[in-house]
Amino acid sequence: MPFAPTDHRLDRLIYVLVKNATVVVPGPKIASEVGVSRATVWTWIERLREAGVRIRGHARRGYQLAALPDVLAPSLIRPHVPPQQQIGRKIIHYFCVGSTNDVALELSPRDAPHGTLILAEEQTAGRGRMGRTWHSERFSGIYSSIILRPPLSPAAAPILTLMAGLAVREAVWASTGLSADIRWPNDVLLNGRKVSGILTEMRAEMDRLHTVVLGIGINVNHVRMPAELKGIASSLALEGGQRYSRLQVLLALLRELEQHYRLLIEGGSSVIVERWMARSSYAQGKHLRVRTATSEYMATSAGLDLSGALRVRRDDGQEELLVAGEVVEIK
Amino acid sequence: MANKTPGRREEGSWDLKEIQELIDLLVDREIAEFEMEKSGMRIRIRRGQGGEPVRTAARAAAGPTVPAPTAETPAPFLPPTHGTPAPAEATAEESTEGLYIVKSPIVGTFYGASAPNAPPFVKLGDTVQVGQVLCIIEAMKLMNEIESEVAGEIVRIYAENGQPVEYGQSLFAIKPSVKK
Chain G
1 MPFAPTDHRL DRLIYVLVKN ATVVVPGPKI ASEVGVSRAT VWTWIERLRE
51 AGVRIRGHAR RGYQLAALPD VLAPSLIRPH VPPQQQIGRK IIHYFCVGST
101 NDVALELSPR DAPHGTLILA EEQTAGRGRM GRTWHSERFS GIYSSIILRP
151 PLSPAAAPIL TLMAGLAVRE AVWASTGLSA DIRWPNDVLL NGRKVSGILT
201 EMRAEMDRLH TVVLGIGINV NHVRMPAELK GIASSLALEG GQRYSRLQVL
251 LALLRELEQH YRLLIEGGSS VIVERWMARS SYAQGKHLRV RTATSEYMAT
301 SAGLDLSGAL RVRRDDGQEE LLVAGEVVEI K
Chain U
1 MANKTPGRRE EGSWDLKEIQ ELIDLLVDRE IAEFEMEKSG MRIRIRRGQG
51 GEPVRTAARA AAGPTVPAPT AETPAPFLPP THGTPAPAEA TAEESTEGLY
101 IVKSPIVGTF YGASAPNAPP FVKLGDTVQV GQVLCIIEAM KLMNEIESEV
151 AGEIVRIYAE NGQPVEYGQS LFAIKPSVKK
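Taken in order, these protein sequences are the chains called G and U.
Just so we're aligned: the first sequence equals residues 1 to 331 in the numbering used here.
Just so we're aligned: the second sequence equals residues 1 to 180 in the numbering used here.
FYI, nobody ran anything at the bench for these hints, they're computed from the structure.
Any given hint might turn out to be false.
What the hints assert, rightly or not - Okay, the calculated bits of chain U under chain G, using three or more residues with CB under 8 angstroms as the criterion:
#: 1; segment: 19-27
#: 2; segment: 103-111
#: 3; segment: 115-126
#: 4; segment: 144-155
#: 5; segment: 159-166
Said to hold, decoys possible - So the derived label-pair ranges between C-beta atoms look like this:
#: 6; chain 1: G; residue 1: PRO151; chain 2: U; residue 2: ASP28; range: 52 to 58 angstroms
#: 7; chain 1: G; residue 1: GLU266; chain 2: U; residue 2: THR127; range: 52 to 58 angstroms
#: 8; chain 1: U; residue 1: PRO116; chain 2: G; residue 2: PRO226; range: 47 to 53 angstroms
#: 9; chain 1: U; residue 1: GLN169; chain 2: G; residue 2: ASP305; range: 18 to 24 angstroms
Don't be surprised by glycine CBs; every beta carbon is placed ideally from N, CA and C.
Same shape as in the complex, but just chain U (with noise of 0.2 angstroms):
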């Protein structure tokens, strides 16, 4: 890898030549994934399984990932990340990634069922299906039923019943099925 490339913007940072030879380098050893720290940017690349991006994570503070370099498409350049994304079967209990969170886009008062007596919506390990009800967002008697955008499992529920809720706030997180 060449140390003193011409054209480098930055003491200590990448360019998209540097990316480019480090993934020819890959190749060549025939590396799966790869991951590098330098001057407090991280660089992250994997390459087989059929191309398929890996899933970034939905938290604001994580970064794109490299998706594996084709031919055509050369690497990204990249911002530093944090964390390290995963298949989502890795999922970790701490993080969320390949998991969607639904969040409220509401100020209000979160109510997992329709009535108080009711059964809930949805419980925890629920299979839910796109346009399943997931529960309502009260605001001045306003009800916002928040229905689930994807279809999937019901793997964390951040809300209690009755609690007060900001809008943008998570409230569930579910792992996608897998479409065939």
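This is chain G alone, in the form it adopts within the complex (with noise of 0.2 angstroms):
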């Protein structure tokens, strides 16, 4: 199972086992409505055992679910999503993969439309900015690529990383009334700590934009993070105190997603700039700590500008315009 997509009958079987989950499923049933053998429903259900789902029963009485499991499966997104709505058309699942932004990378447009989601249960190699790692403890948290083909000039792309920002935070509120902080470009707190990164990658030619791939990683339940992400990162669940569906936040992410999508394609980068502006408090007069990759200086934010890019007035009085780096608040 590790590093393939899932079979789409294996999807339907846990669809099956949800279906059904209050009562006991006999094997035979199961094997005719997915399609496969006896053996084959044994074989899966050992696998999604192996994979943490809880399932109760053997081949012979039947099976039944444990618990409901917050597996994001595809047939448990898809009768959610709107036939008009492009974010989240197509799914292509994971239980286990090395990063789903490798995966979205490599696949062609005919393979992968706009709009493609590709979700993973666990990621072995998730990655941050500049070969960081980023933490995919399995179940817990939202690790998805989304593909986007974008009708932008790859000069005027940057400002996605902005709106795919605003869209976790807006998504976040939507699934938990949790009222998270965007820290410029998107990394999304709540109580300052992190709970979504967003890795934004890019194929493109000097005037052509082939593909803008959003890899968003949003920690939803765990329990508790890595002794080196202490005070720094943290999950929905940790801050809010209570477990959350993935699903419902997966669903929001990708309504917002939708949403903000649109709202740049037809309205531009302002409509973007304006709202982020008024979600985010590192926006205006926030003394940072800002780090480039030459320099480091402290500096106070005076808004962004068109292209999403992050005004900042050094202590020493001089005026920058950041357009790569990473601010830090000072207390």
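Hints given; two lone chains; assemble the complex.
Printed below as a string of structure tokens:
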């Protein structure tokens, strides 16, 4: 199962188990509904168990879910994606994969139209910016990549990263009621700790954009973070004090991405910039430590320009337009 | 060569008939290459060598050269050109003649490696293939992997790791490998 997309019949099997969650489903019934042999059903049930899905029963008596699995199976997502929605109209699911972004970047436009969603229950090589890793604990977070093929010039594409951060922030609000902050350009924070990271990768020629992949990680139900991330990263559950349905967070994410992407394409970057500024405490008057590839200095934020770049006034009085780099709040 | 050709467009400039006569003269005398400047306009004609047109420079300021004339195609009328196009093998240090220049499609920060401690994607003298990653340009956490559109040798790297780059700024010069 690792590193191969989830077979659509296995996806169907999960759907059958979820649909009949309150009863024991006989093996032969599952086999006929999914269209595989009883032996295959048994193999797949074993694999699901290995993957952490709690299933009671055995081949003779039948199977029943011990707990509703919070598996992001395509068959569970699809009924909630409206027909006109492009984001999530095609879903490729993995139980385990190296990195969803790597999968997304390998797919051809024919196999992966605009809006294709790559999902993994676990990543073994989740990537962040500049070779950093993204902690991707099994079944705890949303590890996703969304393929965009936007009608934008490469030079205009960076605003997509702010759009994605804004969409995550709004999705968290809609699905959990938690009100998150956005740190430029697109980290989503709860109580100052990062609960979502976005790594966007683009394939383009000088004047022609081929693909933008939004790699979006959201920590949902992590009950503790690795020691090295203490105080820096957190999860929705840790900050909200309860578990949340990853499926509901994901569905909200797809809706918000769809809506904000349309706003951008139809209304231009100013709409995104305006909304982003309304949602982020980092937009104006925030005292920051700025780290670029070659320098580090203290500055105060002074709004975004139309491309999404952050204007800052350095403590030494000099004004800068930050196109790439990191900012950290000085408390 | 006629001095007072009727139909001359402008005092001191070339017209097509003059160029045609010039080519005839070069063919008659078996002259392979000819260059001349007149009234701020330069013309350069090169013939032979299998009819291969000389590769033009990638620099914006450089104008086209005249392909070797054939019976069917008269040499085109030329705007003024600067610099002297030369075959790729004879490339001088300052010149980018015959080189493929990789430019930045976005404003951002140039990274020559995938991570701070990782080896660079490419070094001077490396041979690269089409589609090979040369560098990353980052803007607002959008990582744009720049892939080579030609196969060849990296003969110049214009940007330094961590350096801000502008739209259209030159990043690499690649000497394309000769296709056989």
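Structure-based check of each hint:
1. 19-27: Violated - the segment 19-27 of chain U has 0 residues with a Cβ nearer than 8 angstroms to chain G, which falls short of three.
2. 103-111: holds (count 7)
3. 115-126: holds (count 4)
4. 144-155: holds (count 4)
5. 159-166: holds (count 4)
6. G:PRO151 - U:ASP28: 52 to 58 angstroms: holds (56 angstroms)
7. G:GLU266 - U:THR127: 52 to 58 angstroms: violated (45 angstroms)
8. U:PRO116 - G:PRO226: 47 to 53 angstroms: violated (21 angstroms)
9. U:GLN169 - G:ASP305: 18 to 24 angstroms: holds (19 angstroms)
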